[in-house]
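Same order as they appear, the protein sequences are chains W and C.
Each position in the first sequence, counted from 1, maps to that position plus 5 in this note's numbering.
Each position in the second sequence, counted from 1, maps to that position plus 5 in this note's numbering.
Where hints are given, some of them may not hold.
As the list claims (entries may be wrong) - Straight-line alpha carbon distances no greater than 25 Å define the calculated DSS-like cross-link-like pairs of lysine-lysine that follow:
{"id": "1", "chain 1": "C", "residue 1": "Lys194", "chain 2": "C", "residue 2": "Lys206"}
{"id": "2", "chain 1": "W", "residue 1": "Lys149", "chain 2": "C", "residue 2": "Lys149"}
{"id": "3", "chain 1": "W", "residue 1": "Lys296", "chain 2": "W", "residue 2": "Lys118"}
{"id": "4", "chain 1": "W", "residue 1": "Lys216", "chain 2": "W", "residue 2": "Lys206"}
{"id": "5", "chain 1": "C", "residue 1": "Lys260", "chain 2": "W", "residue 2": "Lys215"}
{"id": "6", "chain 1": "W", "residue 1": "Lys149", "chain 2": "W", "residue 2": "Lys307"}
{"id": "7", "chain 1": "W", "residue 1": "Lys194", "chain 2": "W", "residue 2": "Lys206"}
{"id": "8", "chain 1": "W", "residue 1": "Lys260", "chain 2": "C", "residue 2": "Lys215"}
{"id": "9", "chain 1": "C", "residue 1": "Lys216", "chain 2": "C", "residue 2": "Lys149"}
{"id": "10", "chain 1": "W", "residue 1": "Lys174", "chain 2": "W", "residue 2": "Lys194"}
{"id": "11", "chain 1": "C", "residue 1": "Lys260", "chain 2": "W", "residue 2": "Lys260"}
{"id": "12", "chain 1": "W", "residue 1": "Lys325", "chain 2": "W", "residue 2": "Lys25"}
It is worth saying that the hints were derived from the structure and are not from the lab.
2 protein chains.
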Amino acid sequence: MSTITNHQWRLAARPVGRIKETDYTFGEEALPELRDGQVRVRVDYLSLDPANRGWLNEGGSYMAEIPLGGLMPAMGVGTVEESRNPAFKQGDLVQGLPGWQEYLTSDGNGLQKLPQLGLDPTAFLGLFGHIGLTAYFGLLDIGKPKQGETLVVSAAAGAVGSIVGQIGKIMGCRVVGIAGNDEKCAWIKNELGFDEAINYKNGSVYENLKKACPKGIDIYFENVGGEILEAVLALVNNFARIPLCGLISQYNATKAPTGPSNFVNLLVRRVHLQGFIVIDYLPRATEGITKLMEWYQQGKIKYRVDVVEGLEQAPRAVNKLFDGTNQGKLILKVSK
Amino acid sequence: MSTITNHQWRLAARPVGRIKETDYTFGEEALPELRDGQVRVRVDYLSLDPANRGWLNEGGSYMAEIPLGGLMPAMGVGTVEESRNPAFKQGDLVQGLPGWQEYLTSDGNGLQKLPQLGLDPTAFLGLFGHIGLTAYFGLLDIGKPKQGETLVVSAAAGAVGSIVGQIGKIMGCRVVGIAGNDEKCAWIKNELGFDEAINYKNGSVYENLKKACPKGIDIYFENVGGEILEAVLALVNNFARIPLCGLISQYNATKAPTGPSNFVNLLVRRVHLQGFIVIDYLPRATEGITKLMEWYQQGKIKYRVDVVEGLEQAPRAVNKLFDGTNQGKLILKVSK
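Assemble the whole structure, with the sequences as input and the hints as a guide.
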């Protein structure tokens, strides 16, 4: 066979603040023949997530530290092009952590075959993947929503937030979403059925939240941190729950951010705040996916994806998440 | 009968920062005859607690706001001197929320008779009262200690902290206490059996904690906040638990304190942080008191009280908590 050329993005420098293209090098390598037990996956789509930023830091947050020169990790879906591993055959649709590259050569560890359900493969990086599971377990396991309670979601038009709000509606909550522009607010309110939507760039978040939550806040699904967290902590009810999913406002910080000045409210209002990462829930993935599938088929959950084409776009595309210019789950289309 | 004169401390101004004597007025009133159903309690001892400071704020934290001119609330034990309520008789030892005064006139609501166990009555304001229950439920219900885990306690020589650490030892934890002087450190280590004691005024809390917790921190029983919380959050293990019991470093703050700059660690290390107030656990008080009594009788839990004499001392005495000059549970002796 002809030699395959694989393009890759490797880490050149730890970003200070915002990710810059010069923090990476775009290189190519010729792939050797497969050995016994190996499988070659053509990467079709990569998932770009706010958490990617934290992975780049020294110490590596909850992932192992990426060494300088190391491949930039990312979740993705792809198609088996060649297999010398009996568990996979050519044409299989698979999911894994291929990283920012065109081809993954794998011994099969960490690679899951995906069911052929007639869904667009990007769905497995969104509603029926880590995104849907993050929303599902974060809200239900930690948030424990009850009929009639008020749920506030930040980054509400984002991949996770938009699903959280819709599950909240299914659970009978009053759902208030916070997003960064009027188009997003209109989408979550008119298309997704949120009860209220607040544009945090428009007026006082605290005053607008107070108006939108006349009975206070029982659950706050936190994706953002900073000023929005402060406003929420001023309005939480006794025994509120805060699934702590993300703090995107801080990920590019170049000096230590300050925690919420009203931290004491966590005490006097007996708040349960719990950080979580979706990987902790993977043993229960089937439960979550089954339920999400059911709701999707009943038309109770909608989602949208924002697909950027071309591996070479990766370092620029990921910043859409921090600029808030993505509309739905941000996906990078790799294979042509 | 002769008329009884009752002395009282009433709130004159909301304290700004530290409590000053001029924030109160010391007054006297002649008590009228009891009506049917009423009971007159001579207040023997009052409990002075860090939480008292929060009660004084506008809005009143978790207690109803104290109006200006209102009696300063406080838990206490006393002796029934006269009763026109069939549930109480002269000489009964009772517990309630008498406030800073010499005599409580009550219809019996909120007044509990105490068992005659040969204990000093102050024990019911300490180990066998709200203090012991705070330690017991905060550590066991929220902290969920497991054999071999590392438990860190701040304000470790304080009323609650000293009991938390001893329960931690009973549960098989490595227990590290943080306190504010060498005498306190020696007491918790040599008398109470803590594994390590750190004087937070002596060197870097972070470095000293790191040394004392070679396997990281699994449970942090939080009484203090501020710099100590930051140091702990830098060292918590994945899935750590933080019972949030107090934030005494902030109670006298005159401007909004900043939350921990490493708040994000709550997320990436999947920390469970839970604020709580002992009153939420009162329905389970018997369970806690029974267990604490058992451990006390087995010699596994020791405690000490710091008794200040004289109701007129109340506003000065309560500041011992914020100066850290109390040695054990701070109690005000009221009746002569």
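Is the Cα-Cα distance between W:Lys216 and W:Lys206 25 Å or less?
16 Å, holds
Please work out if W:Lys194 and W:Lys206 have their alpha carbons no farther apart than 25 Å.
Answer holds: W:Lys194 to W:Lys206 is near 17 Å, not above 25 Å.
Would you mind confirming whether the straight-line C-alpha gap from W:Lys149 to C:Lys149 stays at or under 25 Å?
20 Å, holds
Against the 25 Å threshold, does the CA-CA distance of W:Lys260 and C:Lys215 hold or violate the hint?
23 Å, holds
Satisfaction of hint between W:Lys118 and W:Lys296, Cα-Cα up to 25 Å
Cα-Cα ~20 Å, so holds.
Is it true that the CA of W:Lys174 sits at most 25 Å from the CA of W:Lys194?
With Cα atoms ~12 Å apart, W:Lys174 and W:Lys194 stay inside 25 Å; holds.
Between W:Lys149 and W:Lys307, does the CA-CA distance stay at or below 25 Å?
22 Å, holds
Is the hinted pair W:Lys325 and W:Lys25 satisfied, with a Cα-Cα distance of at most 25 Å?
12 Å, holds
Assess, step by step, whether the Cα of C:Lys260 is no farther than 25 Å from the Cα of W:Lys215, and give holds or violated.
Holds, at about 23 Å.
Does C:Lys216 pair with C:Lys149 here, judged by a C-alpha cut-off of 25 Å?
Holds, because 24 Å separates the two Cα atoms, which is no more than 25 Å.
Given the proposed pairing of C:Lys194 with C:Lys206, does the C-alpha separation stay at or below 25 Å?
Roughly 17 Å between the alpha carbons, so the hint for C:Lys194 and C:Lys206 holds.
Satisfaction of hint between W:Lys260 and C:Lys260, Cα-Cα up to 25 Å:
22 Å, holds
Every hint, counting from the list given before, is met by this structure.
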